[in-house]
Structures are given as C-alpha cells and as structure tokens.
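Engineer: Residue numbers (our numbering), protein chains in the order written: chain V, -9 to 290; chain X, -9 to 290.
Be careful, since some hints might not be right.
One copy or two, it doesn't matter: identical chains are merged, so the pair holds either way.
To be verified - The list that follows gives simulated cross-link-like pairs (lysine-lysine, BS3-like), each with its CA atoms no further than 25 Å apart:
| hint | residue 1 | residue 2 |
| --- | --- | --- |
| 1 | Lys79 | Lys250 |
| 2 | Lys79 | Lys69 |
| 3 | Lys192 | Lys7 |
Keep in mind that the hints were calculated from the coordinates and are not lab data.
Number of protein chains: 2
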Amino acid sequence: MVEQNRLWGGIEAGGTKINCAIANDAHQFLAEERIVTTTPTETLAQIIAFFQVQQQRIGDMNAIGLGSFGPVDLNPASKTYGFLLNTPKPGWQQIDVVGTLMRSLHCPIRLDTDVNAAALGEHLSGAAQGLDTFLYLTVGTGIGGGAMVNGKLLHGLLHPEMGHIPMPQDKRLDPFAGCCPFHGNCLEGLASGTAIAARWGKTAEQLMPEHPAWELEAEYLATAIVTWTLTLAPQRIILGGGVMHQQHLFARIREQVRAKLDNYWAVPDVLENMDDYIVAPQLGDRAGMMGAIALAQQSE
Amino acid sequence: MVEQNRLWGGIEAGGTKINCAIANDAHQFLAEERIVTTTPTETLAQIIAFFQVQQQRIGDMNAIGLGSFGPVDLNPASKTYGFLLNTPKPGWQQIDVVGTLMRSLHCPIRLDTDVNAAALGEHLSGAAQGLDTFLYLTVGTGIGGGAMVNGKLLHGLLHPEMGHIPMPQDKRLDPFAGCCPFHGNCLEGLASGTAIAARWGKTAEQLMPEHPAWELEAEYLATAIVTWTLTLAPQRIILGGGVMHQQHLFARIREQVRAKLDNYWAVPDVLENMDDYIVAPQLGDRAGMMGAIALAQQSE
C-alpha cells in the first residue's frame, strides 16, 4: 500500500465562484468550500482563511494546485508570474494571486488556466485517459479551451484564449452583433451562455430543444471544432460547461462537424465514430478540481 | 572534430515538384535534383534512380528524411503508414510512398509533412531557433501549416491541415466564391496564390503593391493568424511560400494582426514587437530541404 498521509490543496478559480478543496493521495476530499468571487482583497482573504483553518484541523499541505480564470501570467521567468493580466473581471487586473497565496500559506502553488486544469483532470481519470493530443472546451458564461499536445499541456507564449477566435457569421441568418466586450462577434460573443441569453432573451436552460437557438449554437460550435480539428488534429474533443448540460446539443454538433469535415478530413475513424470524437467530460463539473489537485501533485 | 562521413538523404515532395538531395553531417549538399511531379510510378522511379546513382557515386545513406504533401498517414502503427491519403493530386491517392522508397533504397525513411519539415528546418538553423512553440505557414499554390509545441512537432491524430480552416468572409467586400475544391471559401480557397489568380485574373507577381488585392490578402491571413495565436499561443509565426515573396505583405499583415489583437492579447511583447512575431523564414525556400535532412538525422 502506498502511504497516503500527504495532503494537496486545489483551487478552481472562476470569475463568479471559487472552489477550494483539500485531498489526499487517494483523491479523497477531506474539506471543500465554495467562495463567491468579489473583490480580490476579500476573496483572497477567504481562500487563505479556508486553507489556514483546514491546515490546523487536518495538517499541512504539500502544495496547492490553482486552475485560474485569465488571462494569467504562467511564465515562471516573468516578473508578473502568477498575476492576473488584463482580465475583464473588474478589479482583478494585475493582481498577484500566486504571490499573495504563497506568502500567507507558505506552500508551493502550481498554477495553470482553469481549462488546462480541467483538461489535466480528464486526462488522469476521465474522458482523455490514454490520449496525448486532445482539447477540452468549456461553454458556459464564457468559452475557454485547454489542450494537451504530445502529452503536455499547451501554454505557448501566454496560454490559449480559444474562446475568442474569429467566426464566420451569416448576418442574414443571425443579425446578433455579439456580446464580447473585446471582439463583438468572436466565438464567445456569438455562442457563450451570455450570448444565448442576450440574443434570445432566455437562458440556455429556458430554451426548449426545438428552439432554433440550438441549430445556430451547434453551427458556431461545430465551426470552431472544425477549425481546431484542422489546427491541432486532436484525438478527442471534450465539451463541458453549463451550456453543454443541454444533452441534445451533442448530437447536433456531431452532425454538423461530420458534414463540414466530410470528403476532406482523411480519418475514417473520426467520421464514423463521431460519438467517440466529441464527448462530454467524464468528471462532469469535477474536472477542474481534479485537475487542480493533480497540478499540486505534479509540483513534487 | 566530429567525424563527418555519414550521409543523409532529403526529399521535399510537393504536388508540382520534388527536390531530392544528399548531405553530410555538416549540412554540405553533395548532390541535388529537382523532379517534376507527374504520375506516382514515373515520379517514384525518378526519385529512386537519383538516390541509387548517388549511392554508387558517393556512398550509402544512413537514412532519408521525407517531407511530403498530404494528407499523408504519419501513424507508424497504421496499416497505411507512409501512404498518401485522399490528396487532391490526381492519381496519388492511396499510394505507398514510404514503402516503395524503402523497398528500393534499403534505408530507413523518416516521414513528416512538408510544412512540419520546414518548421523543423527553421527550428534547427533559422527563424525559430530557441523557440519551443511556434508556427510555420506556407502561402503558395495552397496554404499549409506546421507547428512545434513544447519542443515537439505537432501531429495529433493525423496532422494539421491548417490551410482549410473556415474563414469569416464579407461577401459585400469580396464576392469571390473561393477556389478550394473541398470547402470553397476556406482560408486556402480565399487566400492562396490560386485564389489570388482566380479572383483578380493576375498572379501575385503581376499585382502591383498598390492593388486592393493586398489589403484583402492581409485581412484573411491576419484573421487566420489571430485564430492560431488564440489557439496555439505561438512564440513566433513564420510566413513562407511564393505569395510571401511579396515583401510588402508582411507590414500589412502585422498591422492588421496588431489591430485585431489590440486591447485583448495580453502580451505586450507581441503587440510592441510585431516585426519579431511575424517573420519571414531565415532559410527561405531551403527550409523544407534542411528539415528533411534533419528528419533523416533524427532517425538515428
């Protein structure tokens, strides 16, 4: 038996809520808390308080993994490593999240994006086990993508911001201007939960499966998936996030991706097994936290 | 001094011509030949004849690196490894290029795409030295992209086919239907050299720098570069190929990429040093052959 007395912290930091947890090597969760994201001062103090209380109760953590909303500086050589950059979240620009946590909690913090953490979680114990090149997409309030290529998480110069890719839009079919404050009608501006609510006056949960909203939503997501298929050649694409809770959306997206790739993308396996190419996360909404714990464990 | 008696073959296989060469460890070229791509039987026989003649003249090769047009099966575990797949090049579908060469030349063949070979060449001795995540794009008769991520060439499930990503198109400004036989108005269908000639009735070389063709060309290439910047977060993007011989195009593309990324892409270095982000290949048209030789050397 493996000794299981080590403790790992996980933080899944989103723009509206932040989940904190402590787990052991067997991935048993010993404490969890959900915090509402308000000001940096208040929110960081609550995160620190959670871990300090739990440290006294159950012991010191070896490391904390942090999957964060962004953009965030992931470059350890940078002067602003661990800072949030020009995030649209008011008040959080240029906030030193990693430094603040490290100085108060005295343990290593291992940082990545929220979507890369979720991708890592699905790779270790979910829908991407055994794959080395895949994409994890979350379609919720916003749209974000994490990717693993050749077995390593993709960072590049900063980190991907896949939700903001430019999109073809037929304004005769969809005159909506888009709701992205930066780009208007980028993917997130046209296909996020926020865009759905702004275009139709109803949330994704309120729109019936027969509503024309869904064919349009599938069209945009399929176009983005085709773009990433031709760019990254992933072995699988995992679609998570609140909008994807509408299960009927998967079949629509698969059908449109198949139609768009047909006669060209020379991988019969993909075209014939679209159910295996475009999938839901196996960890559901736990992918991000499982990945944050895994990030902490990688810091050893 | 390193012993330099080993010989390496390189094949740069395009749909219109195929370059063959033999080099030593010092990258001195001892023999070169350009072959016109006709039927598979005739063309492969010419390639084999070149290497057989040179083997008798200067000695056996340790390996041959092959950078090929595609789509081509790169998966060593596949039954059709080394075959061209459903390429638009007539007669070349399902041709066993690697097997044919190996059986005749009795030396290992190391295969990758033409654009991945060029990316590797630029990484070893050109514009991507010291980088681990970058993109090499060729804009010529067609459009293709190769990429390195975390220091390794990107293959994924098949290999990228970046030239065929969907593109936003404002039909009021550009009513051209696009010339891609598969997708019509994908990137290649709108912005390849073939598209330029079909839209304007003149080739890229014939169009003056003041012609409106170039702002439109820059618009499409900039949109694609923004898509890949947000997807791969490359440290640099290298633009090669015949269309990019029009040097004035670089400044136009950089300006449009800067405008599209401004206020969002939180990497001041990129926005302020666009000349260093979007660059010409340092090896020029030699990148593919240098990369093919490097592929051969990696087979050791």
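Engineer: Work down the list of hints and note, for each, if the structure agrees.
Structural biologist: Do the hints match the structure? See the list:
1. Lys79 / Lys250: between (35 Å within a copy, 21 Å between copies)
2. Lys79 / Lys69: within (22 Å within a copy, 51 Å between copies)
3. Lys192 / Lys7: Only inside one copy: Lys192 and Lys7 sit 22 Å apart there, 57 Å across copies, limit 25 Å.
Of the numbered hints stated above, none is contradicted by the structure.
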